[in-house]
Amino acid sequence: MEKVDNYGLSYQETKTDKEKSKTYHIDKFQKPKARTMLKIENLHAKVEDNDILKGLNIEVKAGEVHAIMGPNGAGKSTFASVVAGNENYEVTEGSITLEGEDLTELDPDERAHKGVFLSFQYPVEIPGVSVTNFIKTAINAKRKAQGLEDMPAAEMLKKIKEKSALLEIKRDFLSRSLNEGFSGGEKKRNEIFQMAMLEPKLAILDETDSGLDIDALRIVANGVNKLKSDDNAVVVITHYQRLLDYIVPDYVHVLADGKIVKSGGKELALELEEKGYDWIVK
Amino acid sequence: MSLQDKLAAAFQENSTNAAVQNHKKEAFNAFAQQGFPTTKDEEWKYTSLRNVLKNEYGIAPAKTADVSAKSIQPYLVSGVDSYKLIFVDGVFQETLSDESDEFSVQLLSKAIEDSKNNEIFKQQYNSLAKGVSSLSDLNTAFAQEGVLIQVAKSKVVSKPIEILYLASGESSALLLQPRNLILIAENAQAKFIERHQSLTDIATFNNVVTEVFVGKNAIFDLYKIQNDKENASLVDATLVAQEKDTVASVFTFSFGGKLTRNNLSFFQNGTGCESNLNGVTILEGDQLVDNHTLVAHKSPDCTSNETYKGIYGGKATGVFNGKVIVDQIAQRINAYQQNDSVLLSDTATINSKPQLEIFADDVKCSHGCTIGQLDKSALFYMQQRGIPPKEAQALLMFAFCADAVEDIKIPALKQKINTMVADKLGVSMDFDEIE
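Those protein sequence lines, which keep their order, are chains A and B. Just so you know, we're using our numbering here: the first sequence kicks off at 1 and counts up by one. Just so you know, we're using our numbering here: the second sequence kicks off at 1 and counts up by one.
Calculated directly from the structure, the hints in this document are not laboratory data. Hints may contain errors.
[Stated by the list, open to error] Using 30 Å as the maximum straight-line C-alpha spacing, the simulated BS3-like pairs for lysine-lysine come out as follows:
1. B:Lys-116 to B:Lys-84
2. A:Lys-114 to A:Lys-259
3. B:Lys-376 to A:Lys-46
4. A:Lys-144 to B:Lys-390
5. B:Lys-414 to A:Lys-161
6. A:Lys-144 to B:Lys-424
Just so you know, these numbers come straight off a predicted model, no measurement behind them.
Next comes chain B alone, as it looks inside the complex (with noise of 0.2 Å):
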């Protein structure tokens, strides 16, 4: 039986809330009559799921392990005081986990029949994800677990909001498809780290939805770490609709994985929004990470920034695809797109696509692409002031990083980032202090 048969054999119609039960329904039925999407599909033209597909997943999980503090702790980000969220093969971990006042979460399946929600559910829930792609129907269809967090108006949350998704199957590969809803309100501002992990090496594919609304002048930032075992696979979709005089940022650290696909949508609902996105993906091997990245300017005077940089050895794939849509309403905005690769390898390939429509006449839309190898005389330079090759080429490998990388906010993020960063460069050194 195939992941798609078994899927609609699975399938129930058993939401209490009746604008859920609708999206389920709606967003199966899509599901059904696209199927998951293959190489034919424009979009999907340079990545295929043919292989991650191939598993037996078990749908729902049978049984979660035990999961101890101590196990999780490696997957946090050391040295950063914040609020943890755990999940463990989609199942809440409210001993491991952390509660605040400084806003407010709730279970998906408890906030889908908490009648306080019932707006959310009906304005809200779905409104930025539904028919985007199959497999966020998909995701709407069977979505069980995740978060719907609150941030309320002109609340600053003192500390970062760590949300940990772990897989922790150990006989048969796990299909997961946590579901997020993010409500920032007015005035209101809130950091997130995202991150989802695997405990074993058994096959997981993590098909995730999370859906962000920036309320008027609020400030949201999102830190995803993308650093899985070889053998599992994400297909992420993140939308995140601004209102006006809102200033949003998704980082996207995606180190490891078989296969990331990343889809993060921008909607620019209101005027003087900045949308910031940054990048880096290092890999090697076979991994393959695909970034399709949409900004839609649909308001004047708005600006994006995105700088996505990609360093790739063995035979690792990097895909980078920027739309940015200029409706003709949105005069004097400013769009900014850097998408810079490093081939280490002859077998690595990076397949690069800027994809701009402009319908309004007094833009500044700027884009580049930039494609090379290391630079041999800046080694021999290095080299002959005593720097080792191999420190040499991380020093120039995380100098063409830097721009990705200064941006971050929260200083423990940035040494764990560099750390991660110099792991995977094969170097112990401490970036941090070169700054």
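One chain only, chain A, in its complex shape (with noise of 0.2 Å):
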């Protein structure tokens, strides 16, 4: 008999005495059912004593690429440091879910297990740590919280030899101090390198593309883009447009006073580089 999986794809269950069995017909192959990744209801958060977000809500699917845009200071940053768990934030009420699970009790560390993922507008220095150091012990304390062994060293060094020519990144680069004196590109670069090494499930690009020449653009976007499939979501806060030429969004909000005050695809993000934000934040 023919039945749907919870991937919503169909299937031709038989029966025999012993056990079941599932039939997959290639034909019948349909396109899942999206599920909802990035699920933020009515979120309101505070650093000190001013609100920044006063009741954010979005859905991101998986498969989707949303960007959020807007003028300063209405709460980009505070959104991405506020998913990712940053203790300067405090959440006075609405809710974060990931895949449906509740993050907002999660420390930044659990919500990178869950697989959240923030690229830093400003990455920071870490002196005496390498990059390559950096990433392996970032990728075994996941497993670690997963209950898996370490990552196999040999496997390891393939799948660090595979991302970083995904990112163009010299090896010699990789061995060097994580941040420490490296350009503006060449820190965006090593965030995508570290999110290809990561694989999260829901990415938070955090203005990606501040410092970055066009080529050193090309260069993270199509990254990101080779990193994206079904199976997980991408968030892209930005201030231009530019970016969005090589990272096509799905949707793109408009961000003013702590709140998506517009939603629309990504010709949106054409009209604001045209028209500013004016006209819809009065």
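Reconstruct the complex from the two isolated chains, following the hints.
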């Protein structure tokens, strides 16, 4: 008999005396129904005594790219920090869920283990820890949290090789201290390299385009596009439409005064580029 | 009876060697006059011996406990194939120690009686330590045991020489005063690992003097591991005289003990000398570590490199005093000094003092001192990548110390130090893999 599995794929089930078996019919493959990855409802957050997010709602499904744009001080970076769990921000109301699981009470590292990745606007310099060692430590910390053994060295090496090639990162770069003395472009490429290594379910790119020349922008965008799949989601925070020529969003949102005030398709970004925000934000 | 009175009563002029007898007498008189240093002495301003001296120390250990090879195992550097020299309560343990034909070892008590060594005791013995402080004089007056190690010309000792001084006091507090003399002859090379360790929780006070003479073109390395029990205190004076074209390095790893004072002095007596001083201190509770270093640039075209890192939690106190004296004759020298500290709590203290006295005009002397706290934004960044806070903190701290650890030339020792650092930081991380 024909059945439909959790992912919306139909298959033929045959029963014998001993076991059940599933037979998928290749010609009957359908695009699975997208799951909700990130869902934020009525999010309020403050830093010290300043309310920054004032009832933010957004839903991002697997396979989607969302862009968040908005004027300075709208709360874009706060949004990124709050989702990642930065303790400098206090969530006063609302919820953040990833694949239906509530994140609000989790520490930043626990959120990372669930698949949250934040590409920092200003990546932090960590002297004395090389790029390679840092990413190894991060990957194995995640595996440990999942009850897995450390990744075998050979596998790690292969992965590092593959992902650094994707971002056109040279070998000697990997042995340098993390972000120390890196140019703006190197820092951002390194962020996306880490994203590629960690394979997050939800990647938030906080102004990853700032300080990038067009060549570096292409490399970074290409990296992100290669990592995109039906199984993850990307939220791009940016000031400028240019990045969205390379990482094409399914939805564009305007964040102003702590709320999403307008949403639309990718054409909204072009309109914003042309007209600015004044026509939306009064 | 105060400890000083007790010592005065116990002093005996009993050496069979006239030169040594002379030193003892002079040293005792000097000590009797000055007494123990107090915080009124500029050199001891931040380090008070008061609590250490309160204990009722036995001056000569009554009876030495039997110590098995197994019980000392944790205090040896595992994985290092070394020549072991083991002392318990100042008494040499022949059965636990190794012999070698690569160098000569004599117990100090035997060496003094050996007429072959007459020149050494006339010329070198106590020539560096004399009058340096009342405590080194105290050692000279009372030292009973220790080693005279000689490495012959052009000999390269293939394995590190590991010297372990154990205290086994079970009922009464112990004052131990080992005295070492190390002679590395021309063009020879040797590495040493040194540790003072209590086996019980009884108070111990180690007052140690080690004089080292490094001959022309020779290389000398000394690694000090200080991770003693919380009732154990150590005052150490290590004095290194370098001839032409020598390289001498002393690493000091201080993770334990109640009070530790390291007086480390280098005398560059020939041209082309290199002196390296590295230190890592990680403390908590109310521990104190005081690193007093002296580099005496007495010859031209020499270098000195000094890197001390400290991490202080709880109510711990750190002291760093880096003295560099550049004589007028010592032109074109390069002296580098860096002391970096991280304070993990509001109640931890570091007193850091560079002290440069430069009398030559064509020299390069640099010194730096930083005191900071953990970088919160770095911790968040690391946590965002999935590294738990404790591990993130440890990784930052490990990276902070890396400069002072990376030059360790014995791989298994480096591993051991990394493990000790991880242990102190409360994580089970394999930093070795991180390298």
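Unsatisfied constraints (hint numbers, rising): none
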